[in-house]
Amino acid sequence: MALLSVSLPHITFTDSEKSIGCMIIMNRRTVQEILPVIVVRFLNEWLLRGLVLVSLLLQIELVLLGNRRKYTPGKLLRFTIWLAYTTKDLVFDIFIGVLFKCLGAGNDYSSQQNDMIRAFWLPFLLHHLGGPDTITAYSLADDELWIRPFIHLLLMFLWALSIFLRSWKRTLLNILTYSMFVTGLIKFGEKTLFLKSGSMDHFRDSIIRHPGPEVIDDYIPSPDPSNQSIPDAVPLQKANKFFPKFKRLFTDLVLEPTALEQSKSYFKNISWTEAFQVIEIELGFMYDIFYTKPMKAYDKFDLLLRFICLFPTISTCCASGSFDANDLQKKSKHTPGIKEAKELCADRGKRTLEEMKCFSTLHWSIEGEFDECILVWHLATDLCYDTDLNKKSSPAKNSNREASKLLSDYMVYLLLKRPLMLPPGIGQIRFRDSCAKATKIFQTVKDRNIQSCKRFLLQVNTEIPPLKAKGDGSKSVLLDACRLAKSLQSLESEKWNNEKKWEMMSHVWVEMLCYAACHCPRNEHAKELTQGGELLTHVWLLMAHFGITEHVCQD
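Residue 488 in UniProt numbering sits at position 488 of the sequence shown; the count goes up by one each step and never skips.
Honestly, I wouldn't trust all of these hints.
Below, simulated DSS-like cross-link-like pairs (lysine-lysine); rule was C-alpha separation at most 25 Å, straight line [claimed, not checked]: (1) K437 x K495; (2) K75 x K417; (3) K486 x K475; (4) K454 x K437; (5) K454 x K527; (6) K101 x K75; (7) K247 x K196; (8) K245 x K268; (9) K268 x K247; (10) K264 x K245; (11) K527 x K196.
What follows is a list of derived Cβ distance ranges for each label pair [stated by the list, open to error]: (12) E280 x K75: 51 to 61 Å; (13) N240 x L154: 16 to 26 Å; (14) N523 x I441: 39 to 49 Å.
In short, the hints are calculated from the structure, not lab data.
Positions of the beta carbon are idealized from the N, C-alpha and C atoms, including for glycine.
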């Protein structure tokens, strides 16, 4: 067979092309090829030590601050906790990657000893990866996506196991490393189990119990009378008694009639301060279930795991040598039935207006969308508040007026800052258009201070048809608010005194607050527990204790 000969053209490269080729080859060289080996080892050694220190500092930060968001709202605190919570996983990933690269770099005795010391730090970072008891999940999404840290655990375990086997020698240090490695694995596996138990599906399944042959509620011991002298002992015991029954609200399960009767009989006979103490403790328990370990770590299996983890850790340390709540009580002086409880949840001012015999006059102000009603009543309350501020009044009058103003401001705060806690609507658009309408009206006022502008609003002609006054597409409620403010002032001048007017307004605001609490999604209540808790959540749980809830068992 004849050989085929192919003649290739002769290619010549210029000096510039040769320089570019050399630069491309140089860019592909690793740091180890550029820097001396001893420098790379030195940098990796100090990088490992620095990562161990950073991991320890992040762990300390989470221990100290992880539980503070239950009591203290604030963006800076939440950002600090989030940064530490997410960074600790990244630190572990970098550490295990650098450690895997450093092991087996030398075959002499000194290098082998250094490998064992480096591997000794791995189980400690595995402990850190499990996280402290003060924070298991940063948000509800972490609980729902518990499978993600489980897969991460599996991959990190295989990687850590390969590192451990590479550095294994029959020495005391390796035996201690092995024991700590096992406890670190249990620690991180425990976190995965706790995340799963905090997910809504698992939490719901854990609450649903199978019907038994007998009811044991009557056998639960009452609080010890000797604890009366201990501050907060009785509220803590009551919260511990009611919480297993009322945590069902966070899963949309109905409440048992027996639990409701016990709760109502207790809450009717205590002051509002004591009632809110019990509610606050119960919400603290709920926070612990979703975001921390303590409420989930008290069964026999978890206690056994913690004991197993504690013994090797101690051994290693030894071996190494180193609002007006009275209105809610008034609503619950009698026991509401299921139908009446649902009517109370649906009221947002109608009951008060009917009792005050002014429903025919003011019914239009509460029949629109809920966000519209909030803005109309808020603006009207603000106008009436400034008008009556300089009037001489009794302390009772001032109390109703101040309560109305506080609740009015709070509901608008929810509308603008926490819109997901309220029924769906276009409240923010209405607020924007109302501000634009007010700005346009105030341009015609000569004296543009706040008081003059508010007095001018009370003089605006409210008889103009809304569509003509607002303009096409405008969602402003300013004219409706002026109309309501005039109607409230006319009630005072015709048949009421100032005190009765503010009493009615405060009751309307309480009904609106209760309506918002009943119609807030339960997952939004759970989310707000990480930001210090909202008044709306406290009111929601307090109403449930009074039986004012739609989640009532009919049997």
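Against the structure, the hints come out as follows:
1. K437 x K495: Outside the cut-off at roughly 33 Å; violated.
2. K75 x K417: 13 Å, holds
3. K486 x K475: 21 Å, holds
4. K454 x K437: 13 Å, holds
5. K454 x K527: 38 Å, violated
6. K101 x K75: Given pair K101, K75 is violated - Cα atoms ~39 Å apart, limit 25 Å.
7. K247 x K196: 17 Å, holds
8. K245 x K268: Satisfied, since the Cα-Cα distance of roughly 18 Å is no more than 25 Å.
9. K268 x K247: The given pair, whose Cα atoms are some 20 Å apart, holds under the 25 Å limit.
10. K264 x K245: At roughly 13 Å apart (the allowed maximum being 25 Å), K245 and K264 satisfy the hint.
11. K527 x K196: 17 Å, holds
12. E280 x K75: 51 to 61 Å: Violated: the Cβ-Cβ distance is about 23 Å, outside 51 to 61 Å.
13. N240 x L154: 16 to 26 Å: Once the Cβ atoms are compared, 37 Å apart, the range 16 to 26 Å for L154 and N240 is violated.
14. N523 x I441: 39 to 49 Å: Since N523 and I441 have Cβ atoms about 40 Å apart, the given range 39 to 49 Å holds.
Checked against the numbered hints listed earlier, the structure breaks hints 1, 5, 6, 12, 13; every other hint is satisfied.
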